[in-house]
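Peer 1: If you want the building blocks of each chain, they are given just below.
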Amino acid sequence: MTPLTRVEGAHPVPRPQRASTSLSTTGVVLVLTLLALYMLVPVYWLLVSATKSQHDLVTTPGLLPAAWHLGDNLSALFTAQDGVYGRWLLNSLAYAGAGACTATLLAAMAGYGLAKYRFPGRETVFSVVLGGVLVPATALALPLFLLFAKINTTNTFWSMFLPNVVSPFGVYLARIFAEASVPDEVVEAARMDGAGELRIFRSIAVRMMAPALVTVFLFQFVVIWNNFLLPLVMLQDEHLYPVTLGLFTWQSQTSRLPELQTLTLVGALVSVLPIIVTFLLLQRYWRAGLTAGAVKS
Amino acid sequence: MTATLAPPAAARRPRLRAHAAPAGFLLPFLVPFTLFTLVPVGFAFWQSLHATRRSGGTFGRTESVFAGLDQYARVLSAPYFADSMLRVAAFAVVQIPVMLALATGLALLLDSAAARLRSFFRLVYFVPYGIPGVVAALMWAFLYDPRLSPIVHLLHSIGIDAAFLTPAGVLWSIGNVVTWTYTGYNMLVLYSALQAVPRDVCEAAKVDGAGQWAIALRIKLPMILPALVLTTVFSLIGTFQLFTEPQVFRQISTSVSSTFTPNLAAYSLTAGDRYGEAAAMSVLLASATFVLSFAFLRLTTRRQGRP
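Protein sequence lines, in the order shown, are assigned to chains A and B.
Residues in the first sequence are numbered consecutively from 1, following my numbering.
Residues in the second sequence are numbered consecutively from 1, following my numbering.
No lab work stands behind these hints, which were simulated from the structure alone.
Just so you know, nobody snuck in bad clues.
Computed cross-link-like contacts, EDC-like style, restricted to lysine to aspartate or glutamate with a CA-CA straight-line distance of at most 20 Å: (1) A:K150 x B:E63; (2) B:K206 x B:D111; (3) A:K150 x B:D273; (4) A:K150 x A:D237.
All figures in this text were calculated on a predicted structure; none of them were measured in a lab.
Isolated chain A, as found in the complex:
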């Protein structure tokens, strides 16, 4: 900042600022609050509805609480159809956890390799990977299904796990962060001391890239957790469903079995909680990821 712009009070402001500022502040808060309501009222409705019995859900006003049935609903949720809901939650955790861990490791290695070594074809490889960012997951799901069908591996854990270990966006982020946060001097010094390439990566680079790697993990975790088309085409066995697909099948049966409405709502709420908690705890990291995508290029 230059000294000139610092002395705010020294320049007389040409018009009465104070009154208009406080007025516009109220306006700003008002608009911000209205939109906050738009974002939160549906969530609030979901919370309230999850505490109602099926009967009250249909008969009482939607936004007002009725008799408290959350406990009953939760136990109904986890016991319905031999506890299949718990199974779905665990499946989601397994797909997203294992997939995101592997994807982060592979992306870290590839990003580091692209950032710290010079070899023929490096930029070509990077361009192809970047092209992969532009291929939407939905465009891949159908051909993936047909390919897995050829080797009879649809409807397995692997058909959900393997396609998700690839995160081109993760490689892109890892490369940027490796370039920015792992100095060449450090790598060179470690080499002089006789450390092998893998050892340098494992004990030095990974630590320096750690915040970026948390970002990559989070993004891939959310991508897998939210994925819908891939499980929809890959899986037929209800016991392999992730929670999103499970809820979808429940909702599709509500016209025949209205009591599934409550279960779907409570199940939706419970399925959202882990993600929201993770997001809140690790805010700093996903924001870093967003900024890297938006500004640095």
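Given chain A's structure and the hints, the job is docking chain B onto it.
Peer 2: Just chain B, lined up with the frame of chain A:
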């Protein structure tokens, strides 16, 4: 950046070794990347040029026969192609500007709000993005359902008969779900870009007598244009891929046909074992998305006067 290393101590180590290390780091990614991204894309292309034919009656073996561009001709002349493409195009023309205008407005407002308010509202607006698309769609499906919806009841009590699930309305009801889910995400991207606007430029403008509006429109907005272009391209890609929301809404509304969006059409064709046609549809959709995003990027970067 001059960060690239020369091959590690080239004089000491053999050439092979210098190439072995990057290969060791890259292959664990490149192998699955090839198998699960490049191969499926190539397979879709291959398949779009073939037709399945059954030899020897209903129970005979199926075989793939080269069909040239037949599948493309079939897709292009089918009514579902133009219908679904036009539908998502209309969606893009209306929903994306509304969402991004909201996101930009919010980002600018937040940027000028008090610090304590900022972090609170930023968090609130981001909540919907944390909710998986299927769950968001399920929730809104309930909120549109005339038997359950507090919104329908509320509107009814003030004399408006809201019909969210009619053939004319359902596309915009889906638009609302998408807006609700992604406004906060886009706002955060734009807000992050705003943080990079040098404060002293705004201060200088203020000293020169520029009001908040002028600063927002003349200084901040042009400076976050790259981020705005980026969010538009991502939104375009997302819109043309629209699948989850219409698929969920199909359960509660007969207004959503099995070929409502291009992706839904491709899915339905696959479910009906019309693989070649589905592949041709996917390839056409991907090409359209790519051309559109690319054209938009070129157009906007040219206007900005830099590559």
